[in-house]
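Using the sequences plus the hints, can you model the full thing?
For the protein sequence lines, the chains are A and B, in the order given. Counting in my numbering, the first sequence runs from 794 upward without gaps. Counting in my numbering, the second sequence runs from 794 upward without gaps.
Among the hints, erroneous ones may be present.
[Unchecked claim] Sample of chain B residues at the chain A side, in silico, Cβ under 7 Å:
id: 1; residue: L827
id: 2; residue: P829
id: 3; residue: S838
id: 4; residue: T841
id: 5; residue: D868
id: 6; residue: L880
id: 7; residue: T1037
id: 8; residue: L1066
[Stated by the list, open to error] Label-pair restraints from in silico Cβ distances:
id: 9; chain 1: A; residue 1: D891; chain 2: B; residue 2: P1090; range: 25 to 35 Å
id: 10; chain 1: B; residue 1: D890; chain 2: A; residue 2: T972; range: 33 to 43 Å
id: 11; chain 1: B; residue 1: V828; chain 2: A; residue 2: G942; range: 18 to 28 Å
id: 12; chain 1: A; residue 1: D1088; chain 2: B; residue 2: D891; range: 31 to 41 Å
id: 13; chain 1: B; residue 1: P1090; chain 2: A; residue 2: G811; range: 23 to 33 Å
No lab work stands behind these hints, which were simulated from the structure alone. Note that the Cβ used here is the ideal one computed from N, Cα and C, for glycine as well.
There are 2 protein chains.
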Amino acid sequence: MHSEFELITRFFTPDPPGAEAGVTLGVGDDCTLLVPTPGQRLAVSVDTSVAGIHFPEDAPAAAVGHRALAVSLSDLAAMGARARWCLMSLTLPAADDDAWLADFARGFHALCDTTGTALVGGDVTRGTLSIGVTVMGEVPPGQAMVRRGARPGDLLAVTGALGGGAGGLALWRRGERDTGHPLLKRYLHPLPRLEAGLALRGLASAAIDISDGLLADLGHVLEASGVGAELMPDRLPMAAGLVTALGEEGARQAGLHGGDDYELLLGLPPEHLDEARARLAALALPLTVIGRVNDQPGVQGVAVTGERGWQHFPGEGVP
Amino acid sequence: MHSEFELITRFFTPDPPGAEAGVTLGVGDDCTLLVPTPGQRLAVSVDTSVAGIHFPEDAPAAAVGHRALAVSLSDLAAMGARARWCLMSLTLPAADDDAWLADFARGFHALCDTTGTALVGGDVTRGTLSIGVTVMGEVPPGQAMVRRGARPGDLLAVTGALGGGAGGLALWRRGERDTGHPLLKRYLHPLPRLEAGLALRGLASAAIDISDGLLADLGHVLEASGVGAELMPDRLPMAAGLVTALGEEGARQAGLHGGDDYELLLGLPPEHLDEARARLAALALPLTVIGRVNDQPGVQGVAVTGERGWQHFPGEGVP
Chain A
794 MHSEFELITR FFTPDPPGAE AGVTLGVGDD CTLLVPTPGQ RLAVSVDTSV
844 AGIHFPEDAP AAAVGHRALA VSLSDLAAMG ARARWCLMSL TLPAADDDAW
894 LADFARGFHA LCDTTGTALV GGDVTRGTLS IGVTVMGEVP PGQAMVRRGA
944 RPGDLLAVTG ALGGGAGGLA LWRRGERDTG HPLLKRYLHP LPRLEAGLAL
994 RGLASAAIDI SDGLLADLGH VLEASGVGAE LMPDRLPMAA GLVTALGEEG
1044 ARQAGLHGGD DYELLLGLPP EHLDEARARL AALALPLTVI GRVNDQPGVQ
1094 GVAVTGERGW QHFPGEGVP
Chain B
794 MHSEFELITR FFTPDPPGAE AGVTLGVGDD CTLLVPTPGQ RLAVSVDTSV
844 AGIHFPEDAP AAAVGHRALA VSLSDLAAMG ARARWCLMSL TLPAADDDAW
894 LADFARGFHA LCDTTGTALV GGDVTRGTLS IGVTVMGEVP PGQAMVRRGA
944 RPGDLLAVTG ALGGGAGGLA LWRRGERDTG HPLLKRYLHP LPRLEAGLAL
994 RGLASAAIDI SDGLLADLGH VLEASGVGAE LMPDRLPMAA GLVTALGEEG
1044 ARQAGLHGGD DYELLLGLPP EHLDEARARL AALALPLTVI GRVNDQPGVQ
1094 GVAVTGERGW QHFPGEGVP
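As C-alpha cells, then:
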C-alpha cells in the first residue's frame, strides 16, 4: 500500500505549482502559502462526491476526477469568480489500483489545466471512495453574481442546454459505454461555465449553477430574492439527442428536474440581454430566455407535482 | 431525515459570520466571499478525520467536532499563521441523531470561538462518519515557519508535553471514560498551538506540529532541511500521569512515537532560546530543548527499530 505522502507526490503533485500560480510554498509543508490578488474578494466553496451517491461506482476514473473538480468549480462560475486554487480530500478504498489512480489524477489535472486552477493541497485517507474538493477563486468587490439579486421584470435565462446530465446518467445505467456519446460526455465530463461567469459580470442580476435541476435551483434563487417567476417550459433548450434517448416526456422531465448539468441560470434585466448574448456567443455558448421574474409567489407556467429533488445517483429524477 | 440545507442552517450556521470576520457573503450562496487582509499570505491546509481510523467510533460527539478542527488548525499553528476561516465536509451515517449533531457542532463551534476561526462553508453527504476540514489563515510574507529551515547548530525544542495523546487513547481503549482525566482531555480536546506559533515567528528556524509522533515528524523536518540531529530522549517533557498510565517504557514509547499531541517541534538558533521561552512563558507554555541539529544523516541518540509510524486508531504505537 502506498503511503499518503507517496500517493500525493506521485499522482497529484508530480509538477507542483509555483510562483506563476500564486504559490510561494507548495505541497509538502504543514500549509501551502498563497498570494491573493490585492483588492480582490476570495470566493470559496467545498463539494464532496461520493461513489454510489454522486456518481456510479463503475464510472471511468478520469471522469470521476474531472467531475469532482467540475462540481466545485461550477460554484465559482456561478459567482463570476476566476478560479485560482483547489485542495482535495481523497478517501480511497484500501486496495491500491495504480491504473485507476493515474486515470483519476489525469482527469483531475486536465481540468485544472484548462481552467487555470492550481492543486495546492490535499490529504488521502482510507474508506469508501469519496472526493472532497475545496475551490478558491477571486472576484472584484461588488461584482460577484449572487442568488438574491433577482427582481420582478428580470428575464430568466440559461446557458447551453439542459437535461444532458440526466440523459447521460440514464444511458449509463442502461449499459451505454460509448464515452464519445454526446449525452455521456455531458454527464461524465461536464464543463463548469467559468468563462461565461466572468463574461456575465455586471450584466446578470442573479446567478446559480444548475446542479440539482432547473426547478430546484430556480427555487433557491426565487427564495433568496423574495420573488416568483413564470416559466416557459416549451422554451427550455434541450441537450442534443435527449428526446431520442428518453422520449418526449422523459426529456421534459430531465430538463425540468435533471441535475448535473452545471449550466448557469440567470436573472437578467431585459436591457442586458443583447450584450449577454453577444459575450456568450464569443464563447460559442447559447443563452436562452426561459421565463420572467415576477412578484407572484412560486413558479407559474409549469405543473409541479411536489418537490422532485434530484437524486444524483441512483436517481429517481429521470423516468 | 434532514436535508443538507436544514442540517447546515440548524446546526452549523445558526449565527453566520459577518463583516467582522471578513465575510461579505455568507453560507447559503454558491460560494462564500471573504476579505483577505491586504499584503498577507494565505496559508491553507486540509485534514480529514475518519471514524475508526483517526478517532474511536464511540468518542464523545463534542470531542469529534473539536478534534476535527484542531488537527487542521494545528497546521496553521506550525506555520505561525493566524487562523481566519474554515470549511467543513461532513459525511454522516444515514440515521440522523440530533443530540449527537448538536454536541458535535457545539464542540466544533467552541474551538472556532476560542481561536477566532469563522466557519464559512461546508457540505453534508451520507456515508461513514468522516469530517474534512479546510482551514485558511494569514501570515506576513517571509514570516511563515517552514519545515526546511533547520540548520546545523540549531537547538531542537518542543512546546508543552509529549505522549498525552497516545496516553489518552490508550486509556480510552481500556475503558476509561472520565473525560476530566488529564490524559483523556489531551487526547479528546487537543489545543492547537496557534498563539505559540504567532509568538515564535522570527525566532524559530523551522517548525512542524507533532501529529504523527515526535520521531516521524522530526524526520520530516530533517529531510526537508537536509540535515540530521542528535536527540536527548531523557529530556523529553512527558505529559503528567503518563508513567502511571503506561509504565516507564510505555511512556517513553508514547513520547517518541505517539501521535495526536499537536505540540510544536522547532528548530531554534541557540541565541533565540531565551526570547522564545519568555514569549511562551507569557502563554504559560513550557519550551523544552530535546536535542540539536547537526550535519550527520539521520537521528542519533535514540535506538530506532524501524519506522514506527503512528497509527492514529486502532494504534500499534502504544504498548
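Hint-by-hint comparison with the structure:
no. : hint                         : verdict
1   : L827                         : holds (4 Å)
2   : P829                         : holds (4 Å)
3   : S838                         : holds (4 Å)
4   : T841                         : holds (5 Å)
5   : D868                         : holds (4 Å)
6   : L880                         : holds (5 Å)
7   : T1037                        : violated (32 Å)
8   : L1066                        : violated (22 Å)
9   : A:D891 - B:P1090: 25 to 35 Å : holds (31 Å)
10  : B:D890 - A:T972: 33 to 43 Å  : holds (41 Å)
11  : B:V828 - A:G942: 18 to 28 Å  : holds (20 Å)
12  : A:D1088 - B:D891: 31 to 41 Å : holds (37 Å)
13  : B:P1090 - A:G811: 23 to 33 Å : holds (29 Å)
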